[in-house]
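Colleague: Sequence:
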Amino acid sequence: MSERIPTIDFSPFLNGDAAAQAKVASALGETFERYGFVSLIGHGMDLSAIAGAFATAEAFFALPEEEKRLVQDKRNNRGYVPMFDSQEPGKKPSGQEAFSIGHPTRPADPKLQALPFHAVTPIPARPEGFEAALHACYGTMFTLGEQILRAVAMHLGRDPGFFAEMSRETYSNMRIIHYPPKEQVAEVTDVGVRAHVDEGLITLLIQDMNGGLSVQGPGDVWLPVVPDPQAIVVNVGKLLRRWTNGRFNAALHQVVNSSGRERYSIPLFVHPSYNTVIDPMTLVGEAPKGEEFTPIVAGEQVFANFLARRPSWKLEAAV
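Residue numbering for the sequence shown is 5 to 323, as defined by this note's numbering.
Fair warning: there could be bad hints in the mix.
[Stated by the list, open to error] Derived DEER-like restraints, expressed as beta-carbon distance ranges:
#, residue 1, residue 2, range
1, Pro222, Glu70, 43 to 49 Å
2, Ala308, Glu69, 26 to 32 Å
3, Arg130, Val225, 23 to 29 Å
4, Pro233, Ala168, 25 to 31 Å
Please keep in mind that the hints were generated in silico from the structure rather than gathered at the bench. The model shown is predicted, which means the values in this text are computed figures rather than measured ones. Positions of the beta carbon are idealized from the N, C-alpha and C atoms, including for glycine.
Make a model of the complete structure from these sequences and hints.
Modeller: Written out as structure tokens, the structure is:
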């Protein structure tokens, strides 16, 4: 049997005593150190909210292209992202379309509101109940994300509320994503999403049963992430890897929809506050091991990386 990313029951952390929580936190931290990915069961999320978001995603992506394009906001990475629009220099475009919605609560400070990723998400007129459905899913996923970060902080010997304190004005965002069958996009791209590493602290992913996600595991072997209706996939992003001085692994992963069917997924990208300084000394008590771990401002770094991958977006955003 081929190796897979580990599965951890998170319910003892949510409902157990201190000893049970410590055991789960240790298992989670060790998994993030080796794989950077984990499949969580016993996560306690609202399944009806998740089902509602998937139904809403299918209805939205079935709308005419010109109607979906009315709700784009490229500069802030919010709203609709058309098929083949996410193209990096020298590479084929990705075979997916998406809609990105920001954190429901914006910072009160007007200066923070003006920063990238803090704009109000443009909401489509159809389907009915779009915003409510996505906010419900966002809420249940973000609540779990907060608990996962509490476990991470415990594993690293910090106060469980460490990340909450650093994320009071988060610029997290959730996406609904649609991948057409590979055969429909093969002339333009050979993947749904090419191999990449996520930018934030952690990503929570709900996927349908069509599969297609794989992760680069130990020894650079690609491991399929087999869909499980009871599980949510969680992975480490660049910011958390940097903050842990490389202790946590932020693994490459990709999506190829070879199922012959439409594929839908819902990732939540958890970020700290925009102006949070990511410095290994504050989290793991170590001086940076090299240039890739030197202190940076979270939002500034993520926005710079975002524009570097999409140079054409920078020009359009400035108009």
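Colleague: Among the hints numbered above, which are violated by the structure, and what are their numbers in rising order?
Modeller: Structure breaks hint 3 only.
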